[in-house]
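Each chain, letter by letter, is given below.
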Amino acid sequence: GAGVSQTPSNKVTEKGKYVELRCDPISGHTALYWYRQSLGQGPEFLIYFQGTGAADDSGLPNDRFFAVRPEGSVSTLKIQRTERGDSAVYLCASSLYLNEQFFGPGTRLTVL
Amino acid sequence: GIQVEQSPPDLILQEGANSTLRCNFSDSVNNLQWFHQNPWGQLINLFYIPSGTKQNGRLSATTVATERYSLLYISSSQTTDSGVYFCAVEWAISSGSARQLTFGSGTQLTVLP
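From first to last, the protein sequence lines stand for chains B and P.
My numbering applies: residue 1 is where the first sequence begins, and numbers increase by one.
My numbering applies: residue 1 is where the second sequence begins, and numbers increase by one.
Just chain B, same shape as in the assembly (with noise of 0.2 Å):
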């Protein structure tokens, strides 16, 4: 079956646009988990979704970034006022109830 799907593979944007990332997950995956990974470094978590609802948010670095997943299947990682800093690789994850993670190919992000 298909694995899970990110759009757009690139983005390119200026400070202080807006940015919509969007996740498909793995048909029937429960929980949904969004990460970034900066040059050099590992994945470090945004935010988790079980279902429709964000069970742990505690990663967003502030009240710029959020995300949704209005009907428990796609999610959208939104980004107000983009910074230069903000230019990373955005992963997707999903996996069925608590197990294992399986991850997308990613977004990568460039504000200028």
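To be clear, the hints were calculated from the coordinates, so they are not data collected in a lab.
There may be inaccurate statements among the hints.
Ranges of calculated distance between the beta carbons of each label pair, as one might list FRET restraints [as the list claims (entries may be wrong)]:
{"id": "1", "chain 1": "P", "residue 1": "Val64", "chain 2": "B", "residue 2": "Ser5", "range": "33 to 39 Å"}
{"id": "2", "chain 1": "B", "residue 1": "Lys78", "chain 2": "P", "residue 2": "Asp10", "range": "33 to 39 Å"}
{"id": "3", "chain 1": "B", "residue 1": "Ser9", "chain 2": "P", "residue 2": "Gln78", "range": "24 to 30 Å"}
{"id": "4", "chain 1": "P", "residue 1": "Glu5", "chain 2": "B", "residue 2": "Leu39", "range": "16 to 22 Å"}
{"id": "5", "chain 1": "B", "residue 1": "Gly53", "chain 2": "P", "residue 2": "Asn24", "range": "31 to 37 Å"}
Only a predicted model underlies this, so the values are computations on that prediction, with no experimental measurement involved.
Backbone N, C-alpha and C fix where the C-beta goes; we use that ideal spot for every residue, glycine too.
Given the coordinates of chain B, assemble chain P onto it according to the supplied hints.
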């Protein structure tokens, strides 16, 4: 939070050589996963191994949860094994809703032909 340390940070091998990558973690874990990040950035699942030993072809992994470490063995390495290997753990003492993975800094493996 939990600390995850991987060693060595860099490893260069000749094709055909064997290697062992280590992951130490500072507290009890519910889940431990090993990933290979290929040159295009995709994280590929290698093992889901909170405890015990598993093998998959030329790769095997062992987690000794009571001693807080895991090992990834690569035998008869190939150039396609090159990339970054990450260990990631789910901290067992986090709150009931917290299921995130905490990643180590990775081991950069280069296999020379």
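Hints, verified against the model:
1. The hinted window of 33 to 39 Å between P/Val64 and B/Ser5 holds, with their beta carbons roughly 36 Å apart.
2. Here the CB-CB span from B/Lys78 to P/Asp10 is close to 37 Å, well matched to the stated 33 to 39 Å.
3. For B/Ser9 and P/Gln78, the Cβ-Cβ distance of about 27 Å falls inside the hinted range of 24 to 30 Å, so the restraint holds.
4. The beta-carbon spacing between P/Glu5 and B/Leu39, approximately 20 Å, falls within the hinted interval of 16 to 22 Å.
5. The hinted window of 31 to 37 Å between B/Gly53 and P/Asn24 holds, with their beta carbons roughly 34 Å apart.
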